[in-house]
Amino acid sequence: MKNVTFTTQRSISRRAMLKGTGITLALPWLDAMSAAFAADPKPPMRFIGILNYFSFHAPNLFPKEAGANYIATPYLEGLQSQRKEFTIISGLNHPEVRDGHASDKSFFTGAPHPGSPSFKNTVSLDQLAADQIGRDTRHASLNFSTSGAYSCSYTRSGVAIPPETSAARAFAKLFIDGTPAEIAEEVARVQEGQSILDRVAGEAKRLQRDVSAGDRDKLDQYFTSVRELEQRMVRSENFAKQPKPKPGVPVIKDPGPGEDTTRFGLMLEVALLAVQTDLTRIVTLYYVGTSKTPSKPGTSFAYHDLSHHGQDAGKLNQLAILERDLLLEWGGFIQRMKDSRDGTSRLLDNTMSVFGAGMGNASSHDSTNLPVLIAGGRFKHGQHIAHDPKSPPPLSNLWVQMLQQMGMEVGKFGTSNKETLAGLETV
Amino acid sequence: MKSAVNITTLFCAVVLASASAAELGGKLEPMFDQHCYDCHDADSKKGGLDLTELKWKPDDAENLQQWTKVFDKVERGEMPPKKKERPPAEVSSTFLKTLHDELHTFSRHKQESEGRVVYRRLNRTEYVNTIDDLLGIDTPLRDLLPEDGTAGGFDNIGAALNLSAVHLERYLQAADLALKEATVTTPEPETKKIRTDYNETWHDWNAPGFQNGVWTHSPEGLLAIRWNGGNGPHGELGAWSPPVPDARYRFRIRARAMIDKEGPNAKADDKKRPDRHIVLKVALADWPRTGLTFGNTYFEMSPTEFREFEYEARVPQGKTLWVSPYRTVPETPDERAMVGGICAVVEWIEIEGPLHEQWPQRGHQLLYGNLPLQPANPKLATKDLRVVSSQPEADARRLLAVFLPKAFRRPVTDEEVAEHLTLVTEQMQKGRRFDEALRAAYKMALCSPKFLFLQEKPGPLDDHALASRLSYGLWSTAPDDELDALATQKKLHEPATLRAQTERMLASPKAKCFTQNFLGSWLNLRDIDFTQPDTKLYPEFEQYLQQSMVSETERFFDELLNRNLSVRNIVQSDFAMLNERLAEHYGIAGVKGEQIRKVSLTPGSRRGGFITQGAVLKVSANGTSTSPVVRGAYVLDRILGTPPDPPPKNVAAIEPDIRGATTIREQLDKHRNQQACAGCHAKLDPPGFALENFDVTGRWRTNYRAIPDSAKDKVVNVPGTDVRFYIQGRPVDPSFIMADGRPFKDVDEFKQLILAQPEQLAHCVTEKLITHFTGAQMQFADREVAEAIVHRAASSDYGLRTLLHEVIQSRVFTHK
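Residue numbers (our numbering), protein chains in the order written: chain A, 161 to 587; chain B, 144 to 959.
FYI, nobody ran anything at the bench for these hints, they're computed from the structure.
All C-beta atoms in this analysis are idealised placements derived from N, C-alpha and C, irrespective of residue type, glycine included.
One thing to keep in mind: the hints can contain errors.
Unchecked claim - Residues on chain A that point at chain B, a partial pick, calculated with CB under 7 Å:
#1 Leu367
#2 Tyr382
#3 Glu388
As the list claims (entries may be wrong) - As a list, the in silico DSS-like pairs of lysine-lysine whose alpha-carbon atoms are at most 27 Å apart:
#4 Lys655(B) to Lys679(B)
#5 Lys679(B) to Lys280(A)
#6 Lys323(B) to Lys401(A)
#7 Lys573(B) to Lys333(A)
#8 Lys225(B) to Lys333(A)
#9 Lys170(B) to Lys401(A)
#10 Lys226(B) to Lys170(B)
#11 Lys365(A) to Lys600(B)
#12 Lys406(A) to Lys333(A)
#13 Lys225(B) to Lys894(B)
#14 Lys404(A) to Lys573(B)
#15 Lys333(A) to Lys401(A)
#16 Lys280(A) to Lys655(B)
#17 Lys550(A) to Lys679(B)
Taking the hints into account, I'd like the entire structure generated from these sequences.
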C-alpha cells in the first residue's frame with residue numbers, strides 16, 4: 161500500500177540540507193490523488209533552465225521601453241501571443257563574472273571568476289533543488305545539451321554533470337521500457353545493493369559489541385546511514401519495476417548534425433513530456449550552436465561564426481534568423497505548457513522556465529547586460545524589467561527567489577544579496 | 144573578597160579523582176578565593192567565566208575544555224592578569240599541581256579504557272589511494288565522494304570524520320566503478336606508438352580565415368602555436384583522441400620557443416629580444432574545445448634548439464593533448480614577462496599507449512585469479528570477454544580468502560569468508576552470472592566498516608593495527624606486503640623493526656603523500672586555491688607561480704626531513720628550494736630553469752624558513768589584502784603552538800580599504816588600546832605585523848597597492864607585465880612589540896626573537912606530528928609525551944626526522 165504524504169511548506173533544517181539527506185516531501189504528484197482529498201494540495205513547482213551559449217543580439221531583443229507597455233522588438237514579436245506569460249529582464253550580471261565564454265559556467269551557480277585557471281565551481285540551483293525535490297521522482301533531474309561535453313549544471317562539489325546530447329536517447333530512457341532483460345538487470349542491481357547493505361549493517365552490529373563508547377557512536381552513525389540508504393533503494397527498486405509512462409506521441413528521432421535549432425526544439429519536447437508525466441521536476445538545457453552550417457534557407461554560416469559578426473550586416477541578418485527561431489521554439493514550449501493541465505491549474509503556472517545567456521554580447525565577449533527571459537512560476541509577467549547595466553542587482557537574487565518558489569528554505573545563493581530580484585513579483 | 148562557595152556543590156564526585164572532592168576543593172580554593180573570584184564570579188563574570196559555578200564534570204567535553212583553559216592560563220602566567228597582585232608561590236604551585244594531576248589522571252584513565260582515537264574512517268585521499276593500490280587502477284574517484292570534516296586543520300581526525308547515507312551511496316558507486324575498471328573485458332589492447340603533429344590537426348571552424356589567425360609558421364616551415372590576442376592559444380591536438388579512453392599514455396613533444404616578430408600581437412620590445420626563453424605548458428584539454436586544461440605541467444623552451452619534453456597522463460574520453468606557449472622568462476628582474484607574440488614551434492609529437500604493465504592487469508588477477516576469460520556472446524562479433532568458472536563456489540571461496548585479508552588489512556576468519564560467500568551464492572541463485580555475483584561480494588567488502596575504518600582496540604595496538612597506522616601516516620594508503628608480513632609475524636611492534644620500517648617508508652616515493660598531506664593540514668596548503676589574488680592589484684600572479692610555490696614548500700620540508708635539519712629552519716634557514724620563477728618573484732638572481740633546486744641564501748636574506756615562503760604567505764591572506772590578525776593567528780597556531788582564542792562574537796570583521804586611504808595598522812589600532820582586546824591582540828598582532836611586508840602573493844613590498852580612485856591617480860607600471868592597474872599606496876610599517884615587551888623593527892628581527900626558543904617550535908611540530916600520525920588531537924595526558932620527546936630531541940638540536948621517529952616510537956602512536 162502506498163503511503164502518500166503531501167508537500168507542505170515544512171521548514172527544512174539547515175543541517176539536513178547541508179548533509180544532502182533532505183526529507184521526504186511528497187511521492188510523485190498524480191492527478192488522481194487531487195480528487196481524493198478535500199483540500200487541494202499545491203502541485204510541486206518545476207524548474208526548466210535554458211542557457212544559450214551565444215547569447216542574443218541585444219538590439220534585437222531588449223525593448224527600448226521598460227515596464228508593461230514595451231514595444232516588441234524583432235525577437236519578441238514572435239512571442240506576443242504569450243506576452244502576458246513571460247517577462248524580459250535586461251541589465252543583469254553576476255558580480256565578478258567577466259570571463260567571456262567561461263561565464264556560462266557561473267550562470268546557474270553565481271560562482272565568481274569562472275575564467276580563472278583554478279576555478280572551482282559551486283552547486284547550480286537546479287542541482288540544489290534536485291537534491292531536495294529530486295528524490296521523489298524517477299529522475300532527480302534531466303540535463304540536456306545540444307552539443308558535446310558542455311554542461312550548465314554543477315553538483316555540490318562543483319563537478320559539471322555530463323549532459324544528455326541526444327533527444328532520441330533521452331526519450332528512450334524515459335519512455336521506452338527496457339527489454340525484460342534490461343529491467344531485470346536494473347532491478348537486480350538495486351537488489352544487490354540492498355543485499356550488500358543488509359549484510360554490512362549486520363557486520364557493524366557485531367563490531368559494536370566489542371568496542372569503546374566513542375567507537376560505538378561512529379558505528380551507530382554507520383548503521384543509521386545504511387538503513388537510510390536502504391530506504392532510498394527500496395524506492396529505486398519500486399521505480400525500476402514500474403512500467404515507464406506512455407507519452408502518447410511517436411518516438412523521437414535525432415536530426416542530422418548541424419540542425420541545432422531542431423535539436424533544441426526536440427529536447428524541449430522531451431522535457432515537456434518528462435514534466436507532464438512527472439518523471440522529473442527539474443530540467444536544464446544548454447543550447448550550444450555547433451559550427452556546422454544548418455540547412456535552414458538563408459543561412460550560409462554556422463552560429464558561432466555568425467555570433468562573431470563584428471557588425472557585418474550580412475552576418476547580423478542571418479544571426480537574427482537563427483536567434484528568432486530559438487525564441488520561437490521557446491514560445492511554442494510555453495504555449496504547450498499553457499495548454500497542459502496540472503491538477504486544477506495550467507502546467508505553466510507550476511513551472512518556472514528561465515532562458516538566458518552567460519554573455520550580454522557574444523561578439524565582444526562581454527558578460528554584462530545579460531539577457532534573461534522568464535515564464536510561468538506564478539510570477540507577474542507581461543513586462544520588461546530594465547536594470548541599470550552599470551550597477552544591477554546580482555543575478556543570483558533571481559535564483560534565490562526561484563528556489564523559494566520551489567519551496568526551498570534558501571536565503572542566499574551564489575553572490576546574492578537579497579531574496580528577490582527587484583521588479584519581479586509573485587502573483 | 145567573595146563569599147566562600149559550598150565545596151560539595153563545586154565538585155561532583157563522578158571521576159576517579161586521586162583526591163576526594165573535599166580535598167580537591169580545599170587545594171583549589173585558596174587560589175580561586177584570593178585571586179580569581181573578584182572578576183570571575185556570578186556578578187562580574189569577566190570573559191563569560193563564573194568560577195563559582197564551574198563544576199568538575201570532565202566527562203562533558205566542554206567542561207573539560209574549560210578546566211584545561213583555567214589550568215593553562217594560570218600556568219602561563221596570563222591569569223591573574225599582570226596588573227593584579229601575584230599569588231604567593233605555594234598557593235600557585237599547589238593549585239597548579241592539583242589541577243594538573245586531576246586533569247592528567249582523568250585524561251590518562253580515559254585513554255587507557257577507551258583510547259585517544261575515535262573509530263577513524265578513511266578520508267577521501269586515503270580511500271582513493273587504498274582502492275587504487277588494491278586494484279591497480281587509477282580512476283578519478285575522489286570527486287564522487289563528499290568532502291571530509293576537519294579538526295584543528297587536519298582532515299584525518301576520527302572524531303571529525305562522519306559518515307552519512309550520501310557517503311555510503313557513493314562508496315557503493317565508487318566500488319562498482321573501481322571493480323569494473325579493474326575487470327578485463329577485452330583482449331589485450333596493443334600498445335602503439337604513433338607520431339603526429341599539429342599540421343594534421345583540424346578545427347571545426349569552417350571560416351577559412353580562422354586558421355591563419357590562430358597559428359603561424361616558423362622559418363623552417365613548421366607550425367607554430369601562438370598567443371592569439373585575447374583568445375589565448377589553441378593548443379589542443381585535435382587530430383588525436385585516446386584509442387582506449389581512460390588509459391595511460393606517454394607523450395613526447397619536440398619543440399622550441401619562438402617570438403613572432405611579425406605577428407599582430409608582437410610589440411616593439413619583443414622584436415628586440417627574439418631569443419627569449421619561453422615557458423611551455425603541457426596538459427590535457429577538452430576536445431571539442433572549451434579552453435579548459437587539466438594536469439598542467441610547465442617546461443622551459445629554448446628559442447634556438449629543439450628539446451624533447453615528456454608527459455604522461457591518464458586520458459579520459461573527450462580529452463586530448465594540449466601544448467602551448469605560456470609566458471616568457473625575463474632575464475633580469477626588471478625585464479618583462481609577456482605573452483604577446485610568443486609561440487611554441489612543435490616539430491612532432493609521439494604518443495605511446497595505452498600503457499599497461501601486465502595483462503590481465505594486476506587488479507584483475509587479484510579479483511579473478513587465473514580463471515579463464517571467454518567471449519560474452521560467441522555468436523556476436525563483439526569482443527566482450529568475461530570471467531567464467533566451472534566450480535563457482537570453490538573458486539569464489541578461494542578468491543575471497545585472498546581478497547578479504549588485503550581489503551580488511553588483517554587476517555580473516557573462515558566465518559568472514561563464509562559471510563561473503565553466501566552473498567555470491569544468493570546472487571547466483573537469483574540468476575546472476577558468476578563474475579557479477581563475485582563482484583557483489585567484493586563490493587560488500589569495500590563498503591564494510593572493516594574496510595572503511597581503521598580497526599583499533601584500546602590499549603597497545605596489535606601489529607596489524609600498527610601497520611595500518613604507520614602506512615596511512617607515511618603513505619596515506621594500506622600497508623604493503625612487507626609491512627603486512629612483519630605484522631603477521633608479530634615483529635612490527637619491536638622498536639627496532641618499527642624504526643627500520645619507518646626509514647624504509649620514508650625513502651619510498653610513496654612518502655610524498657606524507658609531505659603533501661601533512662603540509663596540507665599543518666600549513667594549510669590544502670587551501671592554496673581557496674583565493675584568487677585580485678588580477679588588478681596583483682597582475683603578476685599566475686598558475687605556474689602558484690604551482691612552483693607549492694613545490695617549494697614541499698621540497699623544503701623534504702630537505703628538513705631527509706637531512707634531519709633543526710626545526711629552527713621553520714623560521715629561518717640558510718637555503719631555499721627555488722626555480723627560476725620563484726627566484727624572479729622573490730628578487731633572487733642567478734637561478735635558471737623550471738626545476739626546483741637547493742639555493743644557498745646570502746646572509747640576511749629574508750626568504751629562509753617556511754613563514755616567508757610564497758605558499759604560506761598566500762594561504763594566510765585572502766586574495767585581496769593581508770590581515771595581521773589572520774597571519775598572526777596562523778603563526779601562533781601552526782608555528783608557535785599557542786593557538787589564540789576565537790574572536791568575540793560581537794566584533795565585526797575589518798573591511799580592508801583597497802583604496803588605500805587607511806592602512807590596516809591604523810584600523811587595528813583600536814584593539815591595542817582596549818583592555819578587553821589587548822589580551823589576545825598583544826599576542827596576535829606581532830607575528831602578523833612582522834609579515835606585513837609580504838603581500839597576498841608572498842611578494843616583498845614596501846608600500847601597499849591600491850585601486851585608483853580616479854583617472855588622475857598615478858598608476859604604476861608593474862615590472863613583469865604590461866599591466867598598470869594599481870597605484871602605489873601607503874608605506875608598510877612592520878615594526879611591533881612582542882607580548883613580553885621585546886620590540887622588533889621588521890621580520891628579520893622578529894625571526895631572531897622567536898629563534899631564541901627553539902623548543903617551542905619543536906613542541907608545536909611534535910604536537911602536529913602526533914595529530915597527523917594518530918588521527919586524534921592532543922589531549923591532556925599527551926602533554927607529558929610531547930614534553931619528553933622535545934626534551935630528548937634537544938641533543939640533536941630538534942632535528943625533524945628525530946622528532947618524527949620519536950613520535951612513532953611513543954606511546955601515543957603505539958596505543959589506541
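Going through the hints against the structure:
1. Leu367: It holds, given that the least Cβ distance between Leu367(A) and chain B is near 6 Å, below 7 Å.
2. Tyr382: 5 Å, holds
3. Glu388: Where the cut-off is 7 Å and the nearest Cβ of chain B is about 4 Å from Glu388(A), the hint holds.
4. Lys655(B) to Lys679(B): 35 Å, violated
5. Lys679(B) to Lys280(A): 20 Å, holds
6. Lys323(B) to Lys401(A): Status holds; Cα separation ~25 Å.
7. Lys573(B) to Lys333(A): Given that 27 Å is the threshold and the Cα spacing comes to 25 Å, the pair holds.
8. Lys225(B) to Lys333(A): Between Lys225(B) and Lys333(A) the Cα gap is close to 75 Å, so the pair fails against 27 Å, i.e. violated.
9. Lys170(B) to Lys401(A): Given that 27 Å is the threshold and the Cα spacing comes to 72 Å, the pair is violated.
10. Lys226(B) to Lys170(B): 24 Å, holds
11. Lys365(A) to Lys600(B): With a Cα-Cα distance of about 16 Å, the restraint between Lys365(A) and Lys600(B) holds, given a limit of 27 Å.
12. Lys406(A) to Lys333(A): 12 Å, holds
13. Lys225(B) to Lys894(B): Distance ~26 Å between Lys225(B) and Lys894(B) Cα, so the pair holds.
14. Lys404(A) to Lys573(B): The hint holds at about 24 Å.
15. Lys333(A) to Lys401(A): 14 Å, holds
16. Lys280(A) to Lys655(B): Holds, because 25 Å separates the two Cα atoms, which is no more than 27 Å.
17. Lys550(A) to Lys679(B): Holds, at about 19 Å.
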